[in-house]
Amino acid sequence: MRYAETGYNLEIDLSRGNIERVETDPRDTELYLGGLGTNAKIIWDRVPPETEPFSPDNLLIFSAGLLGGTPATGANRTMVTSISPQTRLFAYSMMGGFWAPELKFAGYDKVILRGKSPNLVYIWIHNDKVEIRDASHLQGKGSVEVQDLIKQELNEPNAQVAAIGLAGENKVYFASIEQGRSSCSRQGLGAVMGSKNVKAIAVRGTRDINIAKPDEFIELINEVLEYIKWRNENPIPNYMPILAGLGSPQEMKHDDEKWHTENFVWGNARYRRKGFWTKEIAEDWKESMATMQRRLISCFNCPMKCGATISPPGQPTYMMKCFTKLTYTMAAFANLEFGLGIAQSATEYGVDGYSAPQVMAFALELLEAGILTDHDFPGMPPDSEGRFHWLLDRIVRREGIGDILADGTYWAAEKIGNGAHEYAHNNIKKHEQLPLKLSMLDPIYYLMYCTNEKVTITQIEGNFPQAPFATQEEREAFVSNWIQAPNERIKQYVLDWEPRTAPYFPTPDMCCEIVDWMERMHYIDDAVGMCAGLSAFPLKPPYHIHNYPKLISAATGIEMDEETLIQTTKRYRNLVRANNIIRGMRRIDEVPPEDHWKKRFPELEKELLDKYYKYKGWNNDGVPTKETLHDLGLDYVAEEFEKRGIYSETPSYEISAEKEKEV
Amino acid sequence: MSKKIIKTIKIDADKCNGCRACEVVCAAFHATPKYSSVNPARSRIRLIRDPIKDIFLPVYAGELATAECMGRDKYILDGKEYEECAFCRASCPSRDIFKEPDSGLPLKCDMCEGEKEPLCVKWCLEEALIYEEREEDVEEEVKPDEIEQGLQSLLDKHGLEKLVDTLTRMSEKD
Ligand code: SF4
Ligand code: SF4
Ligand code: SF4
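As you go down the protein sequences, you meet chains A and B in turn.
Just so you know, we're using the numbering used here here: the first sequence kicks off at 1 and counts up by one.
Just so you know, we're using the numbering used here here: the second sequence kicks off at 1 and counts up by one.
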């Protein structure tokens with residue numbers, strides 16, 4: 001018997017209409033856990049780097065995590081993995097909600113889509129019964145609307161449906177996959193789904209998931225719940241309220257947006273608006289939220305309520321999560337009422353709430369700069385809010401200028417030329433980022449921005465405080481009950497961290513250790529299907545490196561201690577990187593958004609990256625070394641690198657230095 | 001007169017966030033051995049959930065209904081239309097909920113026998129579910145018409161012959 005996992009994947013060949021239930025190898029669970037880990041292995045084995053993102057040969061994997069659907073609070077993530085049309089790299093994005101647990105209850109750990117359906121279809125998984133059904137009548141339907149239509153059509157109110165909207169159908173590079181209150185938004189996985197002609201996957205399951213050591217497991221989960229209760233009553237003192245609690249940033253609960261509106265940047269990630277948050281604005285926004293918000297809602301088996309149902313006047317109700325609340329508002333220099341309204345359309349169209357507003361603000365900047373002209377925007381209304389609605393409609397339909405913008409700022413700039421690249425300035429690895437422009441380089445964030453392959457800053461930061469505490473007492477108080485710290489050294493770094501020591505403290509050596517640990521927590525979450533909001537993201541979460549091994553072991557029966565867990569996460573972390581290395585990613589690609597910080601320190605930055613690569617067991621170009629791969633049992637990766645000549649090539653930074661000399 | 005403990009779970013549906021933690025723990029607790037598996041389809045509490053319509057309604061499994069009602073009800077509260085029979089607690093031939101998924105055997109909330117408090121209540125950190133106990137005086141003897149009602153339903157279900165057989169067998173054992 002398999003525990004925690006079901007031991008079966010669903011393989012669907014869309015070209016041939018073939019469906020197979022395939023038993024998985026329990027060895028792979030031990031080596032790569034599940035979720036992101038086993039996804040990375042499947043992509044490595046089956047998608048060669050020459051495969052185009054929209055080729056039928058690309059795979060699109062929907063995976064539950066190893067703990068998904070077990071009683072573990074918050075284990076509800078669906079990890080979707082493919083090759084991204086935008087970054088052209090290994091892409092993994094995930095969504096909360098209810099879909100992954102339902103898949104497990106139906107008896108599967110993953111759904112693996114390959115090929116391309118000749119016409120638009122949706123997939124219906126009901127325990128053993130799996131069908132590919134015609135979806136031609138659902139073409140163009142909104143991604144939220146269609147979830148209901150499918151449930152009605154199947155007469156299954158309890159089915160969970162993950163669907164794309166018009167943007168996904170039209171292969172917009174930042175199209176999302178929407179599901180309930182959640183979405184898998186980053187890196188254009190909705191476009192890959194659209195390229196396969198799959199409108200939705202509906203699932204309903206009524207099977208058991210087994211637990212290996214039930215008493216131990218439930219006791220650990222009861223401790224987790226107790227801790228959550230305690231943390232909800234005890235936010236971190238002396239810390240920004242929005243980051244002092246658990247869960248995703250509690251955007252729906254907090255009305256006070258002074259911090260975001262004055263510290264994040266407006267327009268095309270450009271302008272800080274100091275003094276924006278006046279009393280009138282505070283009241284107006286509070287009013288908008290109060291009249292439109294109906295209820296705070298949670299994902300499967302989680303008490304945190306990070307989302308809300310929103311009913312904008314005259315528009316259908318939709319479900320919103322965290323920061324989408326502000327991205328449209330700030331990109332358009334508008335008010336909250338506008339933001340909540342356009343987000344409804346954007347959610348139905350199914351676009352990423354970070355990329356979409358930025359792409360539109362980018363287009364308007366190009367117009368202002370004369371790089372694009374009025375001819376490119378025929379019939380666009382004059383006001384900013386109207387323009388955003390107009391642009392959104394064009395983008396998701398790929399009409400006119402919308403067709404170019406639908407590829408995201410990087411590729412749009414490539415096509416537009418004429419200096420447009422200067423305006424696509426807030427990207428990492430060609431992918432739009434949160435609009436943040438800060439003053440002083442932050443060494444920890446520098447490393448995370450550069451090296452994390454999720455390519456989304458908010459989903460890679462974590463358990464270490466974002467800023468030093470003001471006084472020694474505050475520091476001591478913070479570490480006094482910091483059970484999550486991996487070791488005493490990390491606690492010492494917090495104790496020694498004085499204000500105004502940036503960017504030289506924490507030192508590069510300390511940064512390596514801190515970033516490695518924070519990243520590891522995300523990798524564990526993404527393999528077991530845990531919401532980072534209860535683990536890798538906030539300070540002092542209920543899940544951490546000390547209780548995770550016990551939980552995994554109690555749920556699965558696999559022997560697991562901290563050391564084994566660390567070794568395991570290293571293995572699939574390197575496999576994720578390997579998938580990108582064979583797709584050409586190197587050191588020169590590992591840079592933060594251009595003007596993210598005003599004060600930069602090239603020498604320090606070089607030292608940071610040099611040291612971190614070494615710490616990780618990667619060569620100076622970011623490629624995992626043969627020794628590293630060998631220690632992790634990944635000789636097959638080293639062999640492939642060898643075969644492709646990756647170890648003998650000229651380092652990317654030397655080539656780019658040469659090029660610079662030439663110009 | 002004697003004392004009887006009345007156990008009530010107060011459901012404050014306005015506080016429900018739709019997480020289904022109550023279903024998870026109920027299903028896991030009732031697995032054999034306890035917590036050895038989880039499957040919300042076996043839970044004795046079910047969340048009727050339609051976020052877009054703002055419907056979040058936890059319902060507990062009550063008595064078995066051997067036959068479906070002659071007429072159904074459909075509530076509209078605060079402008080929200082609930083599904084047919086939404087508020088009914090019965091495991092009923094008319095619908096799938098409150099039945100074991102494989103055998104179809106009826107499920108019924110047992111207030112988590114043996115536990116200090118109902119587990120769904122414990123796991124609902126929203127306090128949408130509140131457990132209350134109170135004592136009530138009860139009449140010693142059972143009203144004859146209750147027996148009659150009970151027998152009538154057995155009669156409906158199994159037929160006279162089987163019922164008489166069983167009663168005879170049982171009285172022989174005594
Ligand atoms: S913490 Fe928030 S986002 Fe995470 S599972 Fe819970 S409700 Fe969902
Ligand atoms: S645990 Fe509470 S909040 Fe969650 S679904 Fe059940 S009743 Fe609602
Ligand atoms: S009281 Fe116990 S048996 Fe009844 S629904 Fe709640 S968890 Fe289930």
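FYI, nobody ran anything at the bench for these hints, they're computed from the structure.
In this text the structure is predicted, and so the values were computed from the model without any measurement.
Misleading hints may appear alongside valid ones.
[Stated by the list, open to error] Computed list of lysine-lysine pairs in DSBU-like fashion (alpha-carbon distance at most 30 Å, straight line): (1) B/K116 with A/K550; (2) A/K229 with B/K116; (3) A/K598 with A/K258; (4) B/K10 with A/K229; (5) A/K437 with A/K599; (6) B/K53 with B/K15; (7) B/K34 with A/K550; (8) A/K550 with A/K213; (9) A/K661 with A/K415; (10) B/K99 with A/K213; (11) A/K274 with A/K437; (12) B/K80 with A/K253; (13) B/K34 with A/K253; (14) B/K122 with A/K213; (15) A/K151 with B/K99.
[Stated by the list, open to error] Looking from chain B toward chain A, a few residues come up when the C-beta cut is under 10 Å (computed): (16) K7; (17) A31; (18) P51; (19) A65; (20) V138.
Built from N, CA and C at the ideal position, the CB exists for glycine as well.
The hints, checked one at a time:
no. : hint               : verdict
1   : B/K116 with A/K550 : holds, 26 Å
2   : A/K229 with B/K116 : holds, 19 Å
3   : A/K598 with A/K258 : holds, 22 Å
4   : B/K10 with A/K229  : holds, 21 Å
5   : A/K437 with A/K599 : holds, 11 Å
6   : B/K53 with B/K15   : holds, 15 Å
7   : B/K34 with A/K550  : holds, 19 Å
8   : A/K550 with A/K213 : holds, 10 Å
9   : A/K661 with A/K415 : holds, 26 Å
10  : B/K99 with A/K213  : holds, 26 Å
11  : A/K274 with A/K437 : holds, 13 Å
12  : B/K80 with A/K253  : holds, 24 Å
13  : B/K34 with A/K253  : violated, 37 Å
14  : B/K122 with A/K213 : holds, 22 Å
15  : A/K151 with B/K99  : holds, 21 Å
16  : K7                 : violated, 22 Å
17  : A31                : holds, 7 Å
18  : P51                : holds, 5 Å
19  : A65                : violated, 20 Å
20  : V138               : violated, 35 Å
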